[in-house]
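Trainee: Single-letter residue listing:
There are 2 protein chains.
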Amino acid sequence: MTASRYDVLGIGNAIVDVIARAEDDFLVAQGMHKGGMALIDEARAQAIYAAMGPAVEASGGSAANTIVGVASFGGRAAFVGKVKDDELGKTFAHDIRAARVAFDTKPATGGPSTARCYIMVTPDGERTMNTYLGAAQDLTPADIDEAQIAAAEVVYLEGYLWDPPQAKEAFVKAATIAHKNGRDVALTLSDAFCVDRYRDEFLDLIRKGTVDIVFANEHELRSLYQTADFDSGARALRLDAKLGVVTRSEKGCVVISRDAVESVPAERVEQVADVTGAGDLFAAGFLVGLARGKDHRTAARLGGLAAAEVIQHIGARPAVSLKARAAENGLAV
Amino acid sequence: MTASRYDVLGIGNAIVDVIARAEDDFLVAQGMHKGGMALIDEARAQAIYAAMGPAVEASGGSAANTIVGVASFGGRAAFVGKVKDDELGKTFAHDIRAARVAFDTKPATGGPSTARCYIMVTPDGERTMNTYLGAAQDLTPADIDEAQIAAAEVVYLEGYLWDPPQAKEAFVKAATIAHKNGRDVALTLSDAFCVDRYRDEFLDLIRKGTVDIVFANEHELRSLYQTADFDSGARALRLDAKLGVVTRSEKGCVVISRDAVESVPAERVEQVADVTGAGDLFAAGFLVGLARGKDHRTAARLGGLAAAEVIQHIGARPAVSLKARAAENGLAV
Chain Y
1 MTASRYDVLG
11 IGNAIVDVIA
21 RAEDDFLVAQ
31 GMHKGGMALI
41 DEARAQAIYA
51 AMGPAVEASG
61 GSAANTIVGV
71 ASFGGRAAFV
81 GKVKDDELGK
91 TFAHDIRAAR
101 VAFDTKPATG
111 GPSTARCYIM
121 VTPDGERTMN
131 TYLGAAQDLT
141 PADIDEAQIA
151 AAEVVYLEGY
161 LWDPPQAKEA
171 FVKAATIAHK
181 NGRDVALTLS
191 DAFCVDRYRD
201 EFLDLIRKGT
211 VDIVFANEHE
221 LRSLYQTADF
231 DSGARALRLD
241 AKLGVVTRSE
251 KGCVVISRDA
261 VESVPAERVE
271 QVADVTGAGD
281 LFAAGFLVGL
291 ARGKDHRTAA
301 RLGGLAAAEV
311 IQHIGARPAV
321 SLKARAAENG
331 LAV
Chain C
1 MTASRYDVLG
11 IGNAIVDVIA
21 RAEDDFLVAQ
31 GMHKGGMALI
41 DEARAQAIYA
51 AMGPAVEASG
61 GSAANTIVGV
71 ASFGGRAAFV
81 GKVKDDELGK
91 TFAHDIRAAR
101 VAFDTKPATG
111 GPSTARCYIM
121 VTPDGERTMN
131 TYLGAAQDLT
141 PADIDEAQIA
151 AAEVVYLEGY
161 LWDPPQAKEA
171 FVKAATIAHK
181 NGRDVALTLS
191 DAFCVDRYRD
201 EFLDLIRKGT
211 VDIVFANEHE
221 LRSLYQTADF
231 DSGARALRLD
241 AKLGVVTRSE
251 KGCVVISRDA
261 VESVPAERVE
271 QVADVTGAGD
281 LFAAGFLVGL
291 ARGKDHRTAA
301 RLGGLAAAEV
311 IQHIGARPAV
321 SLKARAAENG
331 LAV
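Chains Y and C supply the protein sequences, listed in that same order. The first sequence: position 98 = 98 (the numbering used here), numbered continuously. The second sequence: position 153 = 153 (the numbering used here), numbered continuously.
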């Protein structure tokens, strides 16, 4: 195993978020499933945008948010994802590079525009997402650079990558390279509906060892094993995965390995403004901890710190240095 | 005087803000004057964007922010300003219309792109602005619709309109129509450097009565009358303007009319996150109060409420309903 250039390399959909506050009534009128992520086409995107309130735009994308979190902790980070060479694509590229993340994926010069996610934030801080995948659909195995993947301690993949047609091939190519080089592969299950769409494939990835580390929240875990009972889900994951990390919102998280099942409490949060990015940033802290050789409990606490920061403001990327936040909490990384 | 359709109609530069946090060192390295607004060309815009940190995009523009504030108070509001029919132009148009503001100015189909303001927010909450005027430069008298101007109780103009070459002609055309219809014309001096560029013209507008109501902060007032002494500036404004409203940050404001000079204290603010839009939103509250027949003190308190709301979060437009905020404070409008 050669020396690494990156602590974490993420592969995901490159998306710009369009974020607006909305009342629950708006979700009902628009037929949106609160708390979920729906895939939409261009026509629906235009209809939603026309109906929604004043918005702010900020770079997003689940794995991209995680990778920016890794960089904010001072981790060495890279991202692979597809934008178009349009205004939003330039915005996405600027923001991720300005966060000191290596981002070298060639933008598409034709085809659909850069992906957008229309996010409604209700007064309780919950977010409801509508994703137009656009150019993100055009990520292919050709976008996976062998040398770059080989140079990352952990390759982190989002389950949402199963939605674009060729991205899963890119995903498998990256996992194969990583393992050939003695690296770990992590997967987030992304969303309970996403698990519903690809349950058998996800289980296959985990059981065959294509994926070493699985991130999920309670809903995703229950969906994966089609059980209403958290403990049965956790037991099943323990048998299937090398390492499982299940987040439970204000109840903290459970780290599940062959050796132990550890519960780690959540950070205290004053007021939840917008839960967008909570899971993404939890993964950032956990992965940084892992890459830096911390124990699972410490990694989970780093994840909790990052998640607590991101839900106290609008937007899915950290507003402060997570490295500084970790140091303030006696968790230097 | 016919019945009005709008409480306030604003004319200003239609701009999308690109907002990033920055340390004071960054301003020094970039040769930026802290707290000011600098006009930049496209090349400088690209250089600043390449150097600045991860950003969020949100519709802005001084008078546009004011008009959105008026609408948030429940006021009937219209805006006139020039975007291009590009992505950012569509974003600007969406956001202002979604705020229930009438916005009918035809977008430019060629020429420079929609205006952008690169805003650095330092840890003290101060903002430093760099404006690429782009399509906003192409506002001309042809964009002023006589019937629409005639239908507004108050026409509100930003001093920044003196920067684009033909906008001042649009400004004068609008003021003439307003007065012919018995309406009031208000002007914000915008920025001390802007006053420096156009001092004689601004004084001329005020003294000739082209403008009835003048909004300024302390720095702008001092620059207008080239005095270090606030009281001399206030006395001079009292002689020149029908009504002057001078904001003094945490010291509140002073309302200066021929009859009286009244000081009104500021609202208490927990923590200043970003002062962008403070003056714009103060004007919104004051103008709504005026249009609804409130006394000057009440109008000033509405202005203070709106300013206090906007400086407690990132971005220059209200994040909550100002109508509700006013009602909570016993100031139903």
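Errors might be hidden in some of the hints.
A pair counts as met if it fits within one copy or between any two copies, since identical chains are not told apart.
Unchecked claim - Straight-line C-alpha distance at most 30 angstroms; calculated DSSO-like pairs for lysine-lysine:
#	residue 1	residue 2
1	Lys34	Lys323
2	Lys168	Lys208
3	Lys242	Lys34
4	Lys294	Lys106
5	Lys208	Lys180
6	Lys90	Lys106
7	Lys106	Lys168
Keep in mind that the hints were calculated from the coordinates and are not lab data.
Trainee: Up to 30 angstroms between alpha-carbons, please classify Lys106 paired with Lys168: within, between, both or neither.
Mentor: Answer is within: at 18 angstroms inside a copy they meet the 30 angstroms cutoff, but 45 angstroms across does not.
Trainee: Tell me, please, which holds for Lys168 and Lys208 at an alpha-carbon limit of 30 angstroms: within, between, both or neither?
Mentor: within (16 angstroms within a copy, 70 angstroms between copies)
Trainee: Quick one: Lys242 to Lys34, C-alpha cut-off 30 angstroms, is that within a copy, between copies, both, or neither?
Mentor: Neither: 32 angstroms inside a chain and 53 angstroms across chains, both beyond 30 angstroms.
Trainee: At most 30 angstroms between alpha carbons: which applies to Lys90 and Lys106, within, between, both or neither?
Mentor: Both: 12 angstroms inside a chain and 26 angstroms across chains, each within 30 angstroms.
Trainee: If the cut is 30 angstroms between Cα atoms, do Lys294 and Lys106 qualify within a copy, between copies, both or neither?
Mentor: neither (34 angstroms within a copy, 58 angstroms between copies)
Trainee: Within, between, both or neither: how does the pair Lys34, Lys323 come out at a Cα-Cα threshold of 30 angstroms?
Mentor: between (33 angstroms within a copy, 27 angstroms between copies)
Trainee: How do Lys208 and Lys180 come out at 30 angstroms by Cα distance, when the copy is not named: within, between, both, or neither?
Mentor: Cα proximity of Lys208 and Lys180: one copy only (15 angstroms, versus 80 angstroms across).
The structure does not agree with the numbered hints 3 and 4 stated previously, though it agrees with the rest.
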